[in-house]
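The listed protein sequences correspond, in order, to chains G and D. The numbering of the first sequence is the numbering used here, which starts it at 1 and goes up by one. The numbering of the second sequence is the numbering used here, which starts it at 487 and goes up by one.
The set of hints was computed from the structure by calculation and includes no laboratory data. All of these numbers come straight from a predicted model, not from anything done at the bench. Heads up, the beta-carbon is just placed ideally off N, CA and C, and yes, glycines get one too. Some hints here could point you the wrong way.
Sample of chain G residues facing chain D (criterion: CB under 7 angstroms; computed from the structure) [what the hints assert, rightly or not]: (1) Ala244; (2) Leu254; (3) Asp259; (4) Ile272; (5) Arg273.
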Amino acid sequence: MLRKEAYAVGASANAFDEMLDADGKPRAPYRALAAWLAAQNGSDIRQKQQEADTMFRRLGITFAVYGDAAASERLIPFDMIPRVLAAAEWRFLERGIQQRVRALNAFLYDIYHQQEIIRAGIVPAEMIAGNAAFLPEMMGFDPPRNIYAHIIGTDIVRTGDGGFFVLEDNLRTPSGVSYMLENREAMMRLFPELFAGHLVAPIEQYPDMLRQTLESVAPADCDGAPTLAVLTPGTFNSAYFEHAFLADQMGVELVTGSDLMIEDGALYMRTIRGRERVHVLYRRIDDAFIDPLNFNPDSMLGVPGLFDLYRAGKVTLVNAPGTGIADDKAIYAYVPEIIQFYTGEKPILNNVPTMRCAVPEECAQVLANLQDLVVKEVHGSGGYGMLIGPHASKMELRRFAARIAANPGNYIAQPTLALSTCPAFVGSGTGLGIGPRHVDLRPFVLVGDRIRVTPGGLTRVALKKGSLVVNSSQGGGTKDTWVLED
Amino acid sequence: MLGRTAASLFWMSRYMERAENVARLTEVGYRSALTPDSGGGHRGDWQSVLQAAGCLRGFEARGFPLTADAARDYLLFDRENSSSVMSCIEIARNNARSVRTAVTREMWEALNSTWNEFAALAPGAVGPARLPEILDWIRQRTALFRGATIGTLLRDEGYHFSQIGAYLERADNTARILKMRYSVLLPSSSGEINDRSAYQWETILRSVSAHRSYRHFYQESYRPHHIAEFLVLRQEMPRSLRHCCDLICESLRHLVALTEGGESCVTFADQRFGGLCNMKVEHIMTSGLGAFLDGFINDTGELATAIGEEFHFL
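Construct all of the structure, not just a fragment, from the sequences and the given hints.
This is the structure in structure tokens:
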């Protein structure tokens with residue numbers, strides 16, 4: 001039997017547990033899983049954990065932690081208890097995500113053309129013009145199918161039965177999809193019997209869907225099948241494994257800047273037979289680094305002149321440069337209005353209420369209630385530079401308040417959400433048990449000839465007891481995510 | 487296939503082959519250190535081992551004393567020595583990692599687990615007692631990698647670049663070992679054969695793991711010109727120059743068929759190495775084994791450069 005770390009009614013205080021209801025009974029989607037969990041014993045689970053660890057390490061599924069030279073390649077902890085979503089819950093999420101990405105692409109088109117939304121007085125002009133993520137170079141350009149963000153990761157948290165909130169839109173180069181796919185592979189190898197007892201929606205079609213999405217946005221002058229390539233900054237990038245994985249799964253070349261060249265007004269890669277034209281480049285390099293002639297002149301990662309070629313319609317960059325203006329944390333607060341403006345519909349998925357420190361009244365409110373809030377940098381990512389009020393010391397609060405006062409435009413604040421919990425294996429050795437841990441969810445969306453959402457996504461879990469930070473750089477792990485079919 | 491991918495596959499296999507050769511040379515040094523010298527001490531042949539591995543200059547530049555411990559650590563673990571087993575495995579793995587899509591899961595796992603396990607070894611923990619075990623392990627792991635390559639890699643361009651890398655390295659290695667010690671194969675003025683020369687001949691054969699196959703093949707005691715023939719001209723001997731060149735030429739011809747390019751490399755290889763199949767060892771010995779080896783090492787270097795240019799290695 002496994003030790004149950006206070007996995008009882010009310011144990012997770014005010015957080016919603018996705019497995020157990022208020023009476024400690026398993027909720028419907030978790031019934032079979034809960035029975036299976038109750039039948040497991042510690043030594044079998046320890047052995048499976050070992051197997052999983054060996055499997056991931058052998059495959060080289062590692063990520064680099066920036067600023068940590070000693071452990072330059074680490075495994076992301078993998079928790080073997082799947083997170084389960086009922087079919088109806090997923091249908092709701094899927095509709096909400098589709099609505100959101102349609103609106104955000106429409107917003108990007110508008111911002112880089114007529115800027116109707118500014119004229120309508122919904123988004124203030126200075127939020128755009130003064131924003132580092134806004135690329136004036138993109139003004140007036142029509143990308144294929146008018147799509148800017150083709151590959152999107154929408155971060156969602158849950159606080160109650162129907163209480164799903166979008167925490168963040170990732171429209172630049174979202175990562176994590178390879179973990180989603182490999183987690184499923186691992187689970188199918190470790191626990192085939194669990195899949196026999198559940199109708200789990202498959203996800204392995206993702207690479208195929210990615211390929212179709214990329215092919216559907218080939219430049220107009222491409223006749224015949226477009227050649228695709230994945231552009232990586234190289235083996236030292238924290239997500240290199242994913243870049244290689246996706247290129248491999250799609251059967252396309254994984255290139256670095258030095259493999260590419262521009263000749264005769266087209267993009268080519270250097271092959272053993274000489275040059276070969278590239279039509280669609282899935283670039284996993286930030287905007288600033290894709291083209292040293294147009295952007296950061298010190299970049300060694302990109303290709304000089306690539307952006308001009310893109311604007312000339314000779315190559316498609318995925319995602320388009322300049323998408324960051326739509327997932328900026330300061331713009332995030334406007335997304336509900338953005339959805340209404342472009343779709344005429346009410347938002348299906350709610351935002352987390354957000355205070356903008358750039359607005360003096362809201363800033364004063366933030367400073368007065370710092371101990372209850374989560375404060376984030378507008379351009380920060382990976383959980384760096386973030387304050388969790390309830391977990392911070394007096395000293396930390398004072399320091400952070402000073403930083404906000406010095407540069408208010410750089411911060412937003414949100415109430416500390418009671419993120420839902422899911423069961424996770426905790427402890428080790430004879431202390432191995434099951435305990436509730438906070439989770440979030442990143443479904444992956446593809447936008448091309450149509451919108452494709454992979455059922456489920458990547459569940460990130462804060463493995464430290466009570467912690468709300470799920471980022472892998474901060475001790476978070478991942479889980480397989482199951483969408484049950486009706 | 488990207489030129490960079492071809493280059494990485496070439497270097498990946500080349501460095502794994504080198505790791506194996508350096509381990510074998512280290513074993514020769516270790517054995518000779520256990521063999522009593524006629525003078526009463528031990529032979530301590532580390533200088534020539536370092537030289538054959540192409541590491542002597544770097545070793546001396548670092549100011550290390552010529553002791554068994556220092557030589558062993560430099561050959562196996564020193565990350566600043568680009569030919570140490572550690573460096574070779576790491577370079578091979580980095581190359582594989584940069585072209586993960588071009589190697590099979592089996593190859594990657596063989597390389598990656600070798601790297602993981604070897605990097606976890608503390609040099610200090612590997613005293614003389616564990617050395618034979620470690621050297622065996624390195625040979626097993628390189629064999630596993632080679633087996634995974636032969637057993638699982640698609641026979642497309644990538645396979646042939648990997649083969650060419652491995653066999654160029656092996657040919658170069660055999661040529662360098664011979665060059666290091668060929669003087670002991672030359673007829674001495676006195677014509678006398680003592681146990682010292684017999685020992686040195688055996689050392690040459692051991693450096694290429696051929697001391698037993700020699701006896702099977704020739705059914706006789708060591709004879710210098712047969713040793714030279716075995717290592718240079720016999721296609722039956724898997725580390726001979728002839729055998730390596732045959733396989734390099736074969737892979738080059740496959741590449742020409744697959745890519746419709748690279749003719750000039752085949753022509754070059756045929757010109758320089760085609761003669762090996764008709765050559766007589768007496769001819770090489772008379773016209774000078776040393777000069778022949780110098781020419782050969784130079785030719786393999788030129789061929790590697792020509793392949794890199796022809797197939798856009800960058």
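Hints and how they fare:
no.: 1; hint: Ala244; result: holds, 4 angstroms
no.: 2; hint: Leu254; result: holds, 5 angstroms
no.: 3; hint: Asp259; result: holds, 5 angstroms
no.: 4; hint: Ile272; result: holds, 4 angstroms
no.: 5; hint: Arg273; result: holds, 5 angstroms
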